[in-house]
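Asker: Below, each chain spelled out in residue letters.
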Amino acid sequence: MASLQTLQVEVNGQAQVRSVAPRQHLVDFIRNELGLKGSHLGCEHGVCGACTVEVNGRIVRGCLTLAVQAQGGKVRTIEGLSADGDVRDLQDAFVRNNALQCGFCTPGMVMAAKELLEAKPDATREEVREWMSGNYCRCTGYQAIIDAICETLAERAKNSSSRPSEKVSV
Amino acid sequence: MELTGEVVINAARTRVWIALNDPAVLTACIPGCEAVEQVGPLEKTARMLVKVGPVRAKFSGRILMSDVVESERCAMTFEGSGGAAGMARGRSQVELSDEGESTRLHYTVQASVAGKLGLVGGRMIDGAAKQMADQFFNAFQLHLAPAQPDADKLPTESKAPKSAQVQPLVTHSRSEDMTVAGATVTRQPTSKLTDDMEWLRVKWFAMGVLATAIGVWLGAQL
Amino acid sequence: MKSAAFDYVKPAAMAELFELLQSHGDDARILAGGQTLLATLNMRLSEPKLVIDITGLQELRGIHQVGDRLFIGALTTHTEIENSALVSQHAPMLTMAAPHIAHRAIRNSGTWGGSIAYGDPAAEWPCCLCAMDGHVHLQSPNGSRKISATDFFIDLYTTALAPDEVVVGADVPLASQADWFAFDELARRHGDYAVAGLAVAASFTGKVAQRVNLAFLGIGTIPWRARRTEALLVGKTLDLATVEIAVASLKAELDPLPDLTHSPETKRHLATVLARRLLSAAHANRSAIAV
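Chains as they are written, first to last, in the working numbering: chain A, 1062 to 1231; chain B, 4 to 225; chain C, 95 to 385.
Bound conformation, chain A alone (with noise of 0.2 Å):
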């Protein structure tokens, strides 16, 4: 009944053609027409952030996201975040912390983390653990994590002065 449509998009920096079903979210695109496992699907209805992923720059629900909606944009995923190595620093801080136990909500962590070290380099705990709200974890009760992102936060605040910080703009 629907037509399928033809999606080209660049993933982790690799570009992608691919036929898919209009109604496909993004994560099912990324995990089973790419098989990039990286990414988890919790809830499907946009509350637990273990779908998290980066569109064109920023973090949306992967879920929430239909993968059409991708066309001739940018994603990039938490294997591809990993390679990029723009934070290893805050992965070390979460191995350092013990901030995952099973690690089914640590991509969609690690992705949201991510914007918040841009968005706001100078963020209080209390903003770190609302921008996390977002995030559901059920196995570590969520102060290693919190722990993980301060220190990365207050480590970058310390280099800063080798290093501007970058703003995601507008």
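Think of the hints as simulated: they come from the structure by calculation, not from any bench.
Each statement offered as a hint is correct.
Under 7 Å between C-beta atoms, here's a sample of chain A residues computed to sit facing chain C:
1) Arg1122
2) Val1129
3) Ser1194
Pairs of lysine-lysine, DSS-like flavour, derived with a Cα cap of 27 Å:
4) C/Lys143 - B/Lys61
5) C/Lys240 - C/Lys104
6) C/Lys104 - C/Lys143
7) A/Lys1098 - C/Lys96
8) C/Lys143 - B/Lys54
Ideal Cβ placement from N, Cα and C applies to all residues, glycine included.
Fit chains B and C to the given chain A structure using the hints.
Answerer: The following block gives chains B and C in isolation, referenced to the frame of chain A:
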């Protein structure tokens, strides 16, 4: 979810009772209703499209009447399935009483919605149920008593139809006012005057004054 | 779960959008940010035949001053409003309200127009618009019109939108020096649908309030202006005694609808908590200025 309300319908009690039980009337008046069918003396099936905000859920269900006192009251249990959206079930009680030539209809509904609709829409159920009830009764009244053309243009023959719009007592108003829920308006006792148009106009004027006075009084109490 | 199948189209012009709406009626859904629509579709609470993606309609984007109003296009995302210097200067209430909307990932996609068109009782933008006496801009194949926000929101998920109409944007008055704004909401967790929220748009001469608009969200089926309490505050200084008078008036004026977990009494109480907080903050602010 519990809902209580009262409306006064400008039609005789027997007519109201018959209409309430008429599958064709119900199909026309229930918001989103696609079909109501009588499948037994006390049993009906219904299919409707529930449209609230972004939701479009097709429900099909069964209504079973009990404790029937003809033209006076009945109880109903209903249950319906909305497919992937969830399920609804509940009970309601309807009581009819005379109000001069009109009928006072008192209803109570208890219902629960299960499944996704209940989970996601839970916080909206009361508001949505009220909205649907109001829409139903507005349509029901229009069906039984279509709106009066301008009173001045009415013919003066005594056989003019007894048709005038009654405002339901439970109204949704704009953001300035909160709903005045479940207000009871006691009508002045009617006398045995002839049913010509002049008397009707006087009756409606009196109703309007009374309703306004009660509304203002209630507003001051809230 | 997964959405049912649908067709997808992305019109390049408003005329095309109107044609599609006319031929498909309620079988089609408009997709802007999709943060409400796609959740609804994923849960199969709606199964449209066609989804019309309007994000290609550039004329629905942008924030700009038009005379003495600030106009925000329907496709502006919540994050764009949050980050906008124009908004922060001319309509600071919106800057205050934006961070309360869901979470960042949702704000990056969700739109001003979408929130207004749905008119959820707990949504922030409809409440802000009603507090600021904003106007909603609508367009249909027959032309454009403008309607005041307090007339636009009619009932639960019911707005003045005609079936062939779309929201193209909304405007608010430009803030002046005499104006003071605040926004706060109470939710069980940050980002949840608010149990109650309050938007205050006031203007002062020194410490004396000339106008205090109070719009509540989450209390009724639409944003609710506490008109009687507003009238009480005109010409008054918002000292402790006046704030208590306002709270008493609100307790009498408010008639909240319950939800699954909060009784009308709880909602009424929370509304007065917000009123106390924000009115006291207004007074503190004006006292500091008007020395």
